[in-house]
Structure formats: C-alpha cells, structure tokens
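Student: Each chain, letter by letter, is given below.
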Amino acid sequence: MTFELGTLVIASLTYLLVLFLIAYAAERGRIPSRITQHPLAYALALGVYATSWSYFGSVGYASQHGFRYLAIYLGATLSCLLVPVLWRPLLELTRQLRLTSLADLFAFRYPGQATGTAVTLALLAGTLPYLALQVRAVVESARVLSPPASATTVGLGFCAISLVFSVLFGARYVTPRERHEGLALAIAFESLVKGVALVLVGAWAVVSVFGGPGGLQAWLDAHPEALRAMQQPAREQSWAPMLVISCAAAFLMPRQYHVAFTESPERDTLSTAAWAFPLLLLLMNMAVPLVLWAGRELGLPGPADFHVLAVPAARGAPALAMLAFLGGISASSAMVIVTTLAMAPMCLTHLVLPLGYARSPGNLYRRLLWARRVLIAAIILAGYAFYVHLDRRASGLVDLGLVAFVGVAQFIPGLLGLLFWPRATRVGFLSGLAAGTTLWALLLLVPLWSGFGLPPWARELETLLGFTPGEPWSFVTFTSLTLNALAFVGLSLATRPSPEEAEAARLCAREAPSLAAGSVTAGSPDEFRRQLAPVLGPQAATAELDRALRELGLSEGERRPAELRRLRDQIERNLSGLLGPVLARLAVSEALQVDPRARTALAEQLRFVEERLRDARGMTGPVRELEAVRRYLQRILEELPVGACALGPDQDVVIWNEALERLSGLRSEEVRGQTLAHLPEPWGGLLAGFASGPDAGAETQVRLDGRERILRLHRSLATPSETPREEPEQLKGAVLLVEDLTERKAMDARLAHQDRLASVGRVAAGVAHEIGNPLTAITSVAQNLRYEEDPAEIRERVQLILQQARRIDAIVRALVTFSHAGVTGGHGVPVTRVPLAPLLTEAAQLSRLGRKDADVRCVSHCPEGLEVVGNTQRLEQVFVNLITNAIDASPRGGQVELFAGEDGERVRVRVVDQGHGIPPELAQRIFEPFFTTKQPGEGTGLGLALVSSIVREHGGTLEVDSQPGAGTTFTVTLPKAMSQRAMA
Amino acid sequence: MKPSSGPGGQPVMLSLFVFAVAALLFGSPLRHLWLREGASWYQPFAVWLGVIVLGAWAARRSAP
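For the record, the sequence lines run as chains Z and U.
Just so you know, we're using my numbering here: the first sequence kicks off at 1 and counts up by one.
Just so you know, we're using my numbering here: the second sequence kicks off at 1 and counts up by one.
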C-alpha cells in the first residue's frame, strides 16, 4: 500500500496548520490558562525529547541491541529524579537572571563574550547532526509510504515548511523573555499526537498481527529467540555511557533547555513533570518491541527503522499508516521548530550582536527580529546541508542522535561547577569545553561525513579500555568527558576567579551575593532614558525604561538613589534576555555609569539583608532562627502604637512603621530610601527640622487631612554597639518616634470638664447654703427698708445689702470660672506666673463650699511671694481636687494643712490630712481614671487622674505618701517662676 | 547557606537516594535481574514504572 506524495504533503500541511491554530488560539487567550499552564501540558511539551529518532529509530535500534534502546529514556528518567537537585535551581536562576539559553547561563557564570561564543558554537555543532536526523527521518518515512518521492524535494520541502512554522510559532515578535503560551501548548499537542500514534500502532499490531495479548504471548512462547534477542544484548553491553549522555541531554539539549526553563509556566510544574514526562516516554516505548515483533512476523524487510509505518501499511490500514506518518512529522517538526527557536536567539546574542549589529541605526527590535528570522533559516539550511553530506553507510538514525548527545554532554562538568563549585573559573570551563568538544568533533562528528570511523590510535585505545567495538560514541563519551573534567578542574584550581566571576559564582551557587556598591550617576528616570538612547536607540531606550519602571512599580519622578540603582539592575536583567548577559552588561555599564565611591544607603543595605533572609525561607540551621528573630522584631516595630522612623546617616528613611503609615498616609515602600527633606509636606519639613534640631523631644501642631493634630516627637541617636571604631560615622543614624496626642488631649479635656462639672455639682449644695445666708439677710433688710425713714439708717441698710450682694457675686464668679476652665482642650492654655498663696486660699474656700457639713478646718502655710509657672484655673482645679479629697478623708473636727516651699528651681506643695490613709494595695491605682474608694455617687473617680495629667502637663510631678490610719500626704512639685531680675 | 530543597536538604537527599537506586537498577549488573532469560517481555517496563512512582513520591516531598 502506498500514498501519493501530494497526499502526504497536504496531510502534513493540514496537521501543522492545526498546530498553528492551537498556538494562535492560546496566544490570543482563546484557550484558558488553566490548560496552557497546566503541569501536564508542560510535561507533554518536554516530550519534544522524543524525536523521530525515538519514533522511528528505536525499533531499528531495538532490532540490533534489544532492550538497550531503553537506556536513552531511562537516562531521561534519571534526569527527572534530579529535578530538585538540578532542574529546580536552574529554573530559579534562569527566571531570576532572565537567562534564556544555555549560552546565556554559562556566559553569566563564566563571564566573557568568549564563553557565550564557545558554548553557542559547540551547541550548534551538536545540533546539526540532530537536525540532519530529522530531515533524514522525514525523507525516508515519506519514501516508505510513497517510494517514488524525491529525497531532495521532500527534504527541502520539509525544511521550507519548518522555516515558515518556526517563524510563525516563535519569531513573530522579538522578545524571547516571555513564555510563548502558544508554542508550549502546540508542542504539548505534538507530543500527544506522536505518543497516541505510536501506542495505537503498537496496540493495533498486537491485535491485528498476533490476535491479541494472548496471541502475542503464544507467539513469544513459540519464538523464544525473539525475546532472547531483546534481552541478551542488553545484558552483555554497557548501559552507563548511554545513561549518562541521555541524562544530560534531557535538559541540556537546546530544545529541552528551551522548553524546560525558558518556556516553563509561572506555577510550579516540575513536580508533575518529574513523573509525567518519564511516563509518557514509557508508554511510547512499550510499543517498540510490539512493532518490532509484528514486523518480524509479517516478514518485513530490514532495516526496522520504519516498521512503525511499514507494519500498518503492510496490513492494509491506510488511516493508521497516515496517523503514524503524521506522528513522525509531529516528532520531527517539533524538534526542528523548538531547536531553531532556541538556537537562533543564542546565535544572535553570542555570534552576531558581538560584531556590532546592535549598534546599527534604526529600530533595534525590528533589526533583532529580522536577524532572528534569518538565523532560523540559516540553521535549518545548515541542518539540511549536513544531511546532504552525511555518509549514509556510517550512520543509522540513532547514531546521529547519539553523536549530538555526546556533544551536549560536554557541558556536564561546567554545569556542575556552575551550580555547586564556586571555585570554578572561566579558564577552566573554556579549557575543559575546548578539550572535550575537540575530541568529540574529531572522533564522532567528522566521521559522519568521512565515514572512516575512529582513527587507528583511537581504535587501539578503545580496545585497550575494553569498550565494545563498533560503538565509538561509548568510547568517546568516556574519553572526552574525562579530558573535559580534568582540564576543567585542573585549570580552575590553577587560576583565580575574577571578582565578577566570584560574584556570579555566588549567585549561581545560591550563596550570599554581595550588595552592589555605588549609586548611578543618572539622577532620574528621564536621565536614564537620555543616556540609554545613544546605545539602544531612542525607541528601545524608552521601551526598556518603561518596562523596568513598571516591573519595579516605580514612577517617572523617582529620585531615590537606591531605587535608581535597582532600576539600572532591572534594565540590565531585561536586556540580558534580549542581548545576552554579556552585551547587556556592557551596554548598561556604558550608558548608566555607577559611582563606586558613593555610599550605599542604609535603607538599601537593610532591604538587601531582608531579601536575602526572605529568600532563605525553608533553610535550616541558624539562618532559619535568625529569620524568625528578624520577623519577630519587625512585627514588634511594625505594630508599635506610635509612629517609628529610623534614619540613616544621610537622613535617609530606613524604617517607616505601620503606625506612621497610617498617620502620614505615606506607604513605607515609597518612603524608604528617601531623605527626609524629600518627603511630602508637612512631613519633610517637620521631621527634617526636628531630626537636625537641638531638642530631643518636642510637641507640635500640624494640619493633616484638614484637621489640626497635636504630635509629640522624640528623637534618639541610633548607634549600634557593634559600630566599628574605625568607621563610626557610617553607622550614625537616628530614631524618631511620632506620637499622635490629638485624641488623648481631647479626652483629657473632656475628662477635665466632666470632673469640673462633677465638682460643680458637689459644691452646688454648699453654694446654695452659702448664697442662702446673704440672700436671707438681703431679703430681711430689704423688707425692713420699706418702713425705714431715717436716711442714715437707709444708707446703712443699703450698704449691708450691697455687702451681701458682693458676697454672692464673689461666690458665683468663682463657681463660673471653675466650671468653664479647660473646656476647649489641653492645648493653647495660657501659662503665666501664678502666685501660690492666694491660689491655695481660693482652692481651700472652694473645697469647703462643697463640704460645709464636714467640720474640717483647712489651714494654709504658704509663704507670700511664692510663684509657680502655670495656668491659674487648671492649678486651682488640682488643689481643689486634692483638698476636697483630704477633707473627705478627714474625721469630723479634723484639719487639712497645706505646706508650700521652694526646692531648688521647683516649688513643692504638700496637702496633708489626718484621715484614714490609703491601703498599700490601692495606692498604685488611685491615679487611674474612674477608680475611687468613695461611696457610689460621692466620687467620679476622675479627680486624681485629672490632677496627675494636669501636673504632668505643667512639667511637674505628683507623689503620694500614705499610711493606713496615719493620714495621707500628696506632694505636688511645680516649676518655680524665676524672679524678674533673674529672667532679665 | 543552602536551601533545604537544595543539596543537603532532607527532601533532596530523598531524591538523590531514589536516583542512586535507579542508577544501580539500570546501570549496574543488577539489570541482569530484570533482563534475565525467561523474564517476561514487560518486566523492564514494570521496573521502569516502579522507578517513576518512587521518583514521583520523592519529587512531591521536595516540592516547594
């Protein structure tokens, strides 16, 4: 059974078009991300590992080497077991540093353009045999179904179609930094198609050729040599070289690296891929012996490479044969498309751009895009040229693939050094790679054209070392990797890493990177744009700057040195995906220069440490404890009820806690790193002035959100005890505490007013009594006055009335004054010199008004002329409260004494009673609001709390000394008013 | 400073252990056990499937 070539071409084109539509729909968001980002889609995409070599060649290889064909896939399974050790760290590195290819990765770790160029050339050399393999598989599979087909026509046609679809899939726009959702999904679909096709062919072979599983077993029982031919060679031959190179190829081949790391979804998919990818390989490979035995039973002529097509064709199953052919097209096209999409940017950044291509005038992105398309074409045509010049006698499909695998395995030593050996150097890596790759090229690559196989000296050595003759790749794997590793280790030990290498090594080994020193000379994003334009072109400069600003959440008005340094690093990272790490570093270094002498902001140092510790989550040992302590202390600081702001030596904000965020409305992220002077008003002026002022504490009034607020500021110098003696100035900073007193002041004022009203109530009865007496007298005199005719008597009685009226007036005035003072709040109270003696006398009188029945004398021993600084009404309130309490505590007939005297620059007033005293367990609580020892209705519990508050406001102190049964003494200390002479 | 999911961490050691077991099964003379004469044709695939199951378990333990 045969097909027309045209039928095969139309079927292939239709299939590829369907693939493109899937990719297009995914990119346009027509396919939900839960499918495009699904871990199983990622695992299926990794199935690009199984190319036409696996699809067609495995049957042929199994016919010669039995189950040994499995080693290629068991090696990939071993690789998946190393996901936590190798794959995940690599994925983190490539994401963090935007390293889109293996050449980028090595060029970052072993810095220098030579590294990128060498890796790219080596990968290119290893890729070409593999591309040739795909062309050959497509040509020969087409000729199995359509024998008259021209090899040249089919080969060139396949290359042309691959070129078109490679550009459509991955080179319609320029940036390789973003995941091509469509490409990944299309490759996953291709894997599904080839997997299903192969499994169907195998299952169909069992049913159609053997009559079912029972028939297969019967056939195997009847032909034990068939199973023996699978088992015996696999027992006798070594598997180790094949396991090693396939383990490396599973993630180091350009297409594998591209799918595994560059195209990986954001979510964690590696855990699923670790089992799903090997499972896919297992299912595909289970069909191989079934197809082989079916071909044997059908008596198909060898080689068995294309039995997958020949078995259904021989049994007259055209639909299955076409599906099997499309499965092969799927395997080949996926490999070619992904490989060229991986290799083209690599060649661009490490072979073309270093020649100065990026600096040509015009739109950088457009030039890069066209360069990439041209490179895709060049790589595919190079693969075709390799195919044309192949020596057909010397190589089966698997041989070509193994040659590529050995070439890629040369990166194993360098990769292990990259991840686990910071001492490895660029010289060591390049030397090892050069030695291994040269030996590989001489012994494996060149013979693919010449057909001469190993040279005599190598053949002798192969025999001497006990390798199986006829398998040069096994011998070359051992020798090239040994030479490579020895050169790598030896020369790394013999040379010293440069500082740049050492820094890259720390990053790659996930050790602590050092903090980038210095600040960018450009002072604003606009300056960034102007300085980048000559290097990248105005359009690209603007686009890259806007992108970096967006990613970091910064604005065009950003001026903080630390943030501008981050902006520079982000631009370099982004450009690394576009130009490669080496050129990106060069371009950014040239455009955005760094002043290394500039001191790194303390805020940046702190953030650096925080990020390091945050990244260290999940670590063991003291780091975890250190992180726990840091987070604990940070929570304490953040949840302080007062605003806390730590400053660096340049008054740059290091810490800005949550309370201060709430108070100021400024977020910590936007404030940290700013100097105080650059903060928005009123905070900039307020804090900068206070931080550099002479006072360590101050109370001020500011307008925030249209409201007047009262803030108390405290300042202390922050000088850690670990300050190095030689650099004390570097660690000087300050801590500012900002306390919002607005609510508390208002509360104090309300309390004072309530207390005053309560006092008014208490004295009301006394007042009524006090006023009642003169009022009775006035009434009585006035009644008698009507009948009095003697003018002298009338004047005397009127004088008596006026005297009693003045008495009433004095009482009323005192009451009104007392009840209204302090209503407007605690701020803005006028402070004057207050004579103490009259104040105490008036307070005593007022107190007694409310305690007429108490029969307690109140005696003042205050010297005349003694003055304090304060507010008369509020101080009067203090003493009214204290004296009233003293009267209440005193027994009938008792006495309350007031003593006053100077004590240095202060005045001490003692209020002494002979009452029952205060029990020690209550002495600590009497200043608490609403705490009272009086009967319900007799006291509000606010008096002493208010007294304490007022005394503190006056800068004074209040102490109590009491013994149960021996009376109580309250001592008030107030600032003494200086004499007029002293003040002058 | 090494992450627990990096070399030296317990979950990673588990993966390395499974890797070592698999490498022994596939790369050492131990493979004669599942390639011996008379073994059923699907025995290599059964061993392979067992390694995949172990690997899935280890990968799940080491997931971040």
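To be clear, the hints were calculated from the coordinates, so they are not data collected in a lab.
Every value quoted in this text rests on a predicted model; they were computed, and no experiment measured them.
Don't be surprised by glycine CBs; every beta carbon is placed ideally from N, CA and C.
Be aware that a few hints might be false.
FRET-style restraints, in silico, Cβ to Cβ [unchecked claim]: (1) Z/E225 x U/V53: 30 to 38 Å; (2) U/A46 x Z/E236: 20 to 28 Å; (3) Z/T542 x U/V53: 18 to 26 Å; (4) Z/P224 x U/L30: 49 to 57 Å; (5) U/R61 x Z/V374: 41 to 49 Å; (6) U/A46 x Z/E638: 39 to 47 Å; (7) Z/E225 x U/A46: 47 to 55 Å; (8) U/P29 x Z/A494: 52 to 60 Å; (9) Z/E681 x U/R61: 20 to 28 Å.
If we take Cβ atoms under 7 Å as the criterion, some of the chain U residues that face chain Z in the derived model are [as the list claims (entries may be wrong)]: (10) V12; (11) S15; (12) F17; (13) A20; (14) G27; (15) H32; (16) L35; (17) W41; (18) G55; (19) R60.
Covered stretches of chain Z (chain U as the covering partner; in silico rule of three or more C-beta atoms under 8 Å from a C-beta of chain U) [as the list claims (entries may be wrong)]: (20) 76-83; (21) 280-294; (22) 317-327.
Student: Quick check: do three or more residues in the region 280-294 of chain Z have a beta carbon closer than 8 Å to a beta carbon of chain U?
Tutor: holds (count 4)
Student: Regarding U/R61 and Z/V374, is the given constraint of 41 to 49 Å on their beta-carbon distance met?
Tutor: holds (47 Å)
Student: Can the suggested window of 20 to 28 Å be confirmed for the beta-carbon pair U/A46 and Z/E236?
Tutor: holds (22 Å)
Student: Is the distance from the Cβ of Z/E225 to the Cβ of U/V53 consistent with 30 to 38 Å?
Tutor: holds (33 Å)
Student: Grab the minimum C-beta distance from U/W41 to chain Z and call the hint holds if it beats 7 Å, violated otherwise.
Tutor: holds (6 Å)
Student: Using C-beta distances, would you say chain U covers the region 76-83 of chain Z, given that this needs three or more residues below 8 Å?
Tutor: holds (count 6)
Student: Assuming the hint says 52 to 60 Å, is it satisfied by the Cβ distance from U/P29 to Z/A494 or not?
Tutor: violated (38 Å)
Student: Once the shortest beta carbon distance from U/G55 to chain Z is found, is it less than 7 Å?
Tutor: holds (5 Å)
Student: Would the hint on U/V12 stand, with a C-beta cut-off of 7 Å toward chain Z?
Tutor: With a closest approach of 5 Å, the U/V12 hint holds.
Student: Hint validation: U/A20 versus chain Z, beta carbon distance must be below 7 Å. Holds or violated?
Tutor: violated (9 Å)
Student: Do U/A46 and Z/E638 keep their Cβ atoms within the hinted range of 39 to 47 Å?
Tutor: For Z/E638 against U/A46, whose Cβ atoms are near 57 Å apart, the range 39 to 47 Å is violated.
Student: So, U/H32 near chain Z? Judge it on the closest CB pair being under 7 Å.
Tutor: holds (6 Å)
Comparing the model with each earlier hint shows violations of hints 3, 4, 6, 7, 8, 9, 12, 13, 22; every other hint is respected.
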